[in-house]
Amino acid sequence: MTAPSLQQLAPTAAPKVKDGDLATAQMALFGVGAALVATAWLTGGKDFFASYLVGYMGTLGICLGALFFTMLQHITRAGWSVNVRRLAENIAAGLPLMLLLFVPILVGWKDIYHHWAHANHDAAGNAIVAGQAGFDAVLAGKSAWLNPTFFFVRVGIYFAIWIGLATYFRNQSLRQDESGDPAISLRLARVAAPGLLLFALSLTFAAFDWIMSIDPHWFSTIFGVTYFAGAYMVFCAYTVLLAKWLTRRGYLRGLITTEHYHDLGKFLWAFMVFWTYTNFSQYMLIWYANLPEETLWFKTRAEGGWGAIGTILVFGHFFIPFVFLLSRNVKRSSVGLSIGAVFLVVIHCIDMQFLILPSAREHVEHAPAAPHGSEGIAQAIESGLARFPSDLATYLHDVHWADFGCFAGLIAMLTGVALWNIRRTNLVPVRDPRLAESIHFQNF
Amino acid sequence: MSDTTTWGIVAEFESPAAIYHAAEKVTAHGYTKVDAHTPFPVHGMDKALRQPESGLGWIVVCCGFTGICLAQLMMWWMNAHDYVIWVSGKEPYAWPSTIPITFECMVLLSGFGAVFGMFGLNRLPRLHHPIFQHSTIHRVTDDRFFLSVEATDPKFDRQQTKNFLESIGGKHVEILED
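Going down the list, the protein sequences come from chains A and B.
Numbering follows my numbering, with no gaps: position 68 of the first sequence is 68.
Numbering follows my numbering, with no gaps: position 132 of the second sequence is 576.
Think of the hints as simulated: they come from the structure by calculation, not from any bench.
Keep in mind the model is a prediction, meaning the values are calculated, not measured.
Even glycine gets a Cβ: it sits at the ideal position worked out from N, Cα and C.
There may be inaccurate statements among the hints.
[To be verified] If you anchor each label on the Cβ, the simulated ranges turn out as follows:
1) A:I222 <-> B:C513: 27 to 35 angstroms
2) A:N147 <-> B:V551: 41 to 49 angstroms
3) A:N443 <-> B:E621: 37 to 45 angstroms
4) A:H440 <-> B:S498: 21 to 29 angstroms
5) B:I543 <-> A:H440: 39 to 47 angstroms
6) B:I543 <-> A:T300: 18 to 26 angstroms
7) A:I222 <-> B:R494: 42 to 50 angstroms
8) A:R253 <-> B:N607: 38 to 46 angstroms
9) B:I543 <-> A:A270: 17 to 25 angstroms
So here's chain B without its partners, still in its complex pose (with noise of 0.2 angstroms):
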C-alpha cells in the first residue's frame, strides 16, 4: 500500500553539465517518466530526456485559424448582414478592411491558445505539487539542477531507482510521497 502513495524520487545536481549527463544516463537505463527542473533551459535538455515534440503548436495553429474564421464571420454578419452598413463608398463586406481585424484575432486566440494550451499540457495552475516537499527544492530557481523520476514509470522501483540515481551523482536523493 505505501508504494501508491510514492509521487517519485529526485536528486539534486550541481551543474548544467551534470544534470544534462545524468538525464542521458537515466533514459538510457529504460526510464521513461523523467523530467528535469533547472533555473534556466539547459541545451539539449529535451534530446538527453528523451521528450517527444510538444504538441503545443497544433493547439495554436487550430486556435489561429479559429481567430480568423471568427473575425470574418464577426465582421461580415455585423456589417454585410445583420445591419448593413456602408462606409465610404466601400462594399458592406470589403476584404481588405477586414484583414487588420482577421490578423488581430489570429494573433489574440493564438496568443490565448499558446498560454492556456502551455496551462493544460502541464496541468496548471495547481497549488501544490510533491516535488515541493524536496529538502533542497528551493535552490532550483537559483544555483541547482534536480531530476526526477515519477513513481508512474514502469521502471520505477523505491530503492533501485534511488540507488541508480545516488550512483550517478545525485545528491540528496529523496523519495516523495503523494
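Isolated chain A, as found in the complex (with noise of 0.2 angstroms):
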C-alpha cells in the first residue's frame, strides 16, 4: 500500500529542475563564493582567520539547522512542511563542504585560539609547571578538554555525527522517492529521537570547542543553546529566500505556499525570540551574580566599540524583528517576510561577530576610549547607551570587509552546493505519505 504520488495529487507541477537549469547559477554562486574568500584571505592578513570564522559558524548554523529541520519534522510526524524538508535534506547536505572549509580554520586555530593554544608552554615551547611565573591553573584544570589533539578528534566526531545523520534522512527520504513505501516514514521518525539527542548534545560541545573556547577561561552552560538558537533562525530565513528564489525560477509553484511561508515565517520570528531569551538568560544570572570570571565576557564586549554592537542586537535582533513580523499579514507577504530574512541573515552576521571577534582579536588595538575601569558592568552598559555613537564610530572603524565577506561568500558557497543536490533530486517528497496533507495545507 503506498501514498498517493505528486503526479496524481498535482499533475502540473514540475517535480524536478529542468537538466541543465539552474547550473549557471550553481557554478556562479560557487565561484563568486570562493573568490570572495579567497580575497578575504589574500587581504586579511592575521585577523582572515578570525573573520573566516564568523562567516563559518554563521553559514554552518545554516546547514545544521536544516538537518534540526529534517528530524524535528519527522519526530513530530508533521504533515504541513514535507515540501519544504527536501529543501532542508539538501541544504543538510552541504554539511560535507562544511567539513572541507574546516581547513582554513585547522590552517589558523593558533591566531583563533591564541589565549589557549599556548596554556601553560613559554615561547620557547617548555612546560610551565604549578608553581612557576605564568602558570594558568585554570587553563590547566581545562588541559584535559582543551589541548590540540583532542581537539581536532572533537572536529571528526562531530562531522561524523552530523554528516552521518544528513546523509542517512537524506538517503532514506530519496529511496522513498522511488519505492512509495510508508515504513521508512515510520523509521525515521523512531531514528530522529536519538538522531536529535546525538545532535544536541555535538552542537553545543561544538559551539563551547570552536566560540566559547576564544576565551578559555570563561564559561556559560547555555552557551550551546545559544548559538543553536540563532542557527535555526538563520535557516529559517534562509530557506524561506531560497525558496522564493526557486519559486521565482518557476519552480515549487503551488507546492510551497503562503501556508509554508507563514509558517517558515511563524518559526524564523519564534527563534529570533528565542535567541533573545536564551542571550537575556545568560546576562542576567551573570549580571545578577557579578562575578569577575563571568562578567569579564561582558566587559570584553562593552570595549573596543563592542558596546554599540550590543546594543544594535537588542534591537536589531528582537525589538524592530519582534514587531516588523509579528503580524500575521507581513508573515503572509512576499516581499514582507523576504525583507525580514534578509534583515535577520544579517543581524546573525553580526550576532557571530559580537560571539568571536571582541575576544579573538583582543591583540588589535583601538583608538583610546574613555576609562570605565572600575565600574560595573551595568554602569559600564548603561554608559555605553550615552558612548553609542562613538562605540559605532570605533567598530565601523575597525571592523574587517571580510567580517561581512566571509559570511557572504561561505553562504554563495554553499547555495551552489545546494542547488547543485537540488538539481540531482525531485524538488519534494513526491512519494512521501503526508505529501497530500502538505500540499493541501492551510492555516487558520
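Both chains are given apart, each in its own frame, so use the hints to dock them into the complex.
Right, dumping it as C-alpha cells:
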C-alpha cells in the first residue's frame, strides 16, 4: 500500500529542475563565493582567520538548522512541512562541504584560539608547571578537554555525527521517492529521537569548542543553546529566501505556498525571540551574580566599540524584528517576509562577530576610549548607551570587510552546493505519505 | 409583529464538505449574518463565510503592552520610589532584574485579553441562546454541522431563506424564535 504520488496530487507541478537549468547560477554562486573568501584571505592577513570563523559558524548554522528541521519534522510526524523538507535535506547535504571548509580553521587555529593554544607553555615551547611564573591554573584544569589533539579529534566526531545523520535522512527520503514505502517514514520518526539527542550534544560541544573556547577562562552552560537558537533562526530565513528564489525561477509553484511561508515565518520569529530569551537568561544571571570570571566576557564586549554592537543586537535581533514580523499579514506577504529574512541573516552575521571577534582580536589596538575601569558591568552598559555614537565609529573603524565578506562568500558557496543537490533530486518528497496533507495545508 | 421575534433560521448538514459548500452558496447569494456551528474546526470556513479578520489580536497586543507598562511602573514605584531597597549592590531600579516580571505580567494580561476579549467579542457568558431551540442541535458536538442565518440579515425572509437553505441541501431547516 502506497500513498498517492505528486503526479496524482498535483499533475501540473514539475517534480524536478529541468535538465541544465540553474547550472549557471550554481557555478556562479560557488565561484563568486570562493573568490570572496580567497580575496578575504589575501587581504586579511592574520585577522583573516577570525573573520573566517565568523562566516563559518554563521553558515554552519544554516546546515545544522537544516538537519535539525529534517529530524524535527520526522519526530513530530509533521504533515505541513513535507514540501519544505526536501530543501532542508539538500541544504544539510552541504555538511561535507562544511567539513572541507573547516580546513582554514585548522590552518589558523593558533591565531583564533591563541588564548589557550599555547596554554602553560613559554615562547620556546617548554612546559610551565604549577608554582612557576606564568602558570595558569584554570587552563591547566581544563587541559584534559582543551588540548590540541582532543580538539581535532572532536572535529572529526562532530562531523561524523552530522554528516552521518544528514546522509541517512536524505538517502532514506530519496529511497521513498522510488518505492513510496510508508514504513520509511515510520522508521525515520524512530531514528530521529536518538538523532536529535546526538545532534543537541554535538552542537552544544561544537559551540563550546569553536566559539566559547576563544575565551577559555569564561564559561556559560547555556552557550550552546544560544548558538543553536541563532542557527535555526538563520536556517529559516535562508530557506524562505531560497524557496522564494526557486519559485521565481518557476519551481515549487503550488507546492510551497503562502501557507508554508507563513509557518516558516512563525518559526523564524519564534527562534528570533528564543535567541533573545537564551541570551538574556545568560546575561541576567551573570549580571546578577557579578562574579569577575563571568562578567569579564561582557566587559570585553563593552569595550573597543562592541558596546554599540550589543545595543544593535538588542534592537536588531529583538525589538525591530519582533514588531515587524509579529503581524500575520507581514509573514504572509512575500515582500514583507523577504525583508525580514534578509535583515535577520545580516543581523546573525553581526551576532557571530559579537561572539567571536572581541576575544579573538584582543591584540588589536583601538582608539583610546573614555576610562571606565572600576565601574560595574551594568554601569558600563548604561554609559555604553551614551557612548553609542563613538562606539559605533570605533566598530566601523575596526571592522574588516571580510567580517561580512566571509559570511557572504561561504553562504554563496553553500548555496551553490545546495543547488547542485537540489538539481539532482526531486524538488519535494514525491511519494511521502503526508504529501497530500502538505499540498492542501492551510493555516486557520 | 411576528417577524420581530424571529431570531433566525438554522439548517443541518451531514458532513464538513456539505456545510462548507453550503456556506459558500449562502454568502454568494448575498447573506451576511451567517454562522457555522461544527463539532471541530473546518478548514477554510472563515473564507467561505466571508468573515472579516478577527480584532482579537489588537485586544491582546493592547493588553500585553498594558502589562509591560504596569509591571515597570509597579517595580519602579515599589523598589525605587516609595520605599527604596538596595539588593545585592544593584541599583534600586535596575532594568535587567525587572525583565522576568515584566515578561510574566505581559503574558498574564495578554492571556486575560485573549480569553476575556474572546468572551466579549462572542458576547459571552450567556445562559441561553436561541439556537438551542433547534430540534437536532444537540448533535453539534458529535456528528452534525449547522448553518444559521440571522433575522437581522438585510436579505432575510422567513419563507425565501428557508426555501433557499432547503434547496442547497439543508435538513431540519427550522425557524427559531428569539
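Going down the list of hints, with the structure as the test:
1. A:I222 <-> B:C513: 27 to 35 angstroms: holds (29 angstroms)
2. A:N147 <-> B:V551: 41 to 49 angstroms: holds (46 angstroms)
3. A:N443 <-> B:E621: 37 to 45 angstroms: Holds: the Cβ-Cβ distance is about 38 angstroms, inside 37 to 45 angstroms.
4. A:H440 <-> B:S498: 21 to 29 angstroms: Holds, since H440 of chain A and S498 of chain B (Cβ atoms, about 23 angstroms apart) stay within the stated range.
5. B:I543 <-> A:H440: 39 to 47 angstroms: holds (42 angstroms)
6. B:I543 <-> A:T300: 18 to 26 angstroms: holds (23 angstroms)
7. A:I222 <-> B:R494: 42 to 50 angstroms: Holds, at about 48 angstroms.
8. A:R253 <-> B:N607: 38 to 46 angstroms: With Cβ atoms ~43 angstroms apart, the hint holds.
9. B:I543 <-> A:A270: 17 to 25 angstroms: holds (19 angstroms)
When the structure is compared with the earlier hints, no violation turns up for any of them.
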